[in-house]
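Respectively, the protein sequence lines represent chains A and B. Take the first sequence: its letter number 68 is residue 68 in UniProt numbering, and every next letter is one higher. Take the second sequence: its letter number 42 is residue 42 in UniProt numbering, and every next letter is one higher.
Just so you know, the hints here were simulated from the structure itself, not pulled from any lab data. Hints should not be assumed to be uniformly reliable.
Stated by the list, open to error - Computed footprint of chain B on chain A, listed as stretches where at least three residues anywhere in the stretch have a Cβ under 8 Å from a Cβ of chain B:
1. 16-24
2. 36-49
To be verified - Residues on chain A that point at chain B, a partial pick, calculated with CB under 8 Å:
3. R29
4. L63
5. M65
Note that CB positions come from ideal geometry on N, CA and C, so glycine has one too.
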Amino acid sequence: MNFMSFFARRGESASVAKNRLQILLAHERMGDGSDAKLISELREDILEVVRKRMNIDPDAVRLEMDRSGDITTLGIDIELPQTKN
Amino acid sequence: MSKATVVVVTSGKGGVGKTTSTAAIASALAKEGYKVCAVDFDVGLRNLDLIMGAERRVVFDLVNVVRGEASIKQALVRDKKLNNLYLLPASQTRDKDALTDEGVASVINELRMYFDWIVCDSPAGIERGATLAMRYADEAIIVSNPEVSSVRDCDRIIGLLDAKTVVAEEGGRMPKHLLITRFDLERAKTGDMLSVDDVVEILSVPLIGVVPESRDVLKASNVGMPVTVSDEASPASKAYVEAVRRLLGEEIPVTIPSEKKGLFGKLFKGRAA
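Chain A extracted, bound-state conformation (with noise of 0.2 Å):
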């Protein structure tokens, strides 16, 4: 790595850096950082309907969130018991 590519390739990580920290700060500022409440009974809600048609185990349920620039994105992915055919 030469002398040159080592400032392009810093100010890239700074470039980097920025961003996340924009977007990170955003959603902080926004509520605190914290919409554990929000979600924890959205998880409830959601499991309850499906829990009308099928036991599910609690633990099987994987809560998976990414926050962007624009939008956050929460997804839940509940692993099926093993059904009998």
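Since chain A is already given, all that's left is putting chain B on it; use the hints.
Below, chain B alone, put in the same frame as chain A:
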């Protein structure tokens, strides 16, 4: 009995590199094939998520788990690159009493069932967060910069490790490892910095590694990847990997950074120059 080891990364003083070191060490352990969980104890000022690049994916945190609002499995965030590395994030709450002794005990006990290594990132200071981070540890990594106030604060922390931990209360002695970070080669040359030997002598704690001050560490933080993942060739990364090998019980000499371009530095023999 589980074979898990809980190690606390602590220092007393802020800004010496605890979070960076926690991320680098946890990742290096995961790369060795162990199942690893990094736990952020810095409630109110979490940053381990940012350093590990997981900040966008945090849903629940340590305080939610302690309060019973989420299970540990729900709160764990899996690393994007290493699928045997997890993060248990701290919460951003301003509530100083959010963590309880019993709550932390039960979290650590449960983590012991799932992981080989649990690496606890302590907050700065000697308050509740710092004492709870070390309380259930089996071993401690004490992070110091070669600088007077940092060394003094480490000495306070060593006192706490020998008094306020479960290991100490049960009459044992907490195994401790000294990790010197932000070792500045230029200042080492001119003699304007405490030498590695000076710090080891003052603290009387065996040395586990010396991490040179490095731009690679800053770059790694910028992009949200521990330096041991983002830049394996970096001297800082090599120093962390070496420290982890010693943590795992290998008897290898500690590399003291000596020349700017030297990849391996000078081996530690008696007194460092």
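Hints, one by one, checked against the model:
{"no.": "1", "hint": "16-24", "in the structure": "holds (count 5)"}
{"no.": "2", "hint": "36-49", "in the structure": "holds (count 4)"}
{"no.": "3", "hint": "R29", "in the structure": "11 Å, violated"}
{"no.": "4", "hint": "L63", "in the structure": "5 Å, holds"}
{"no.": "5", "hint": "M65", "in the structure": "5 Å, holds"}
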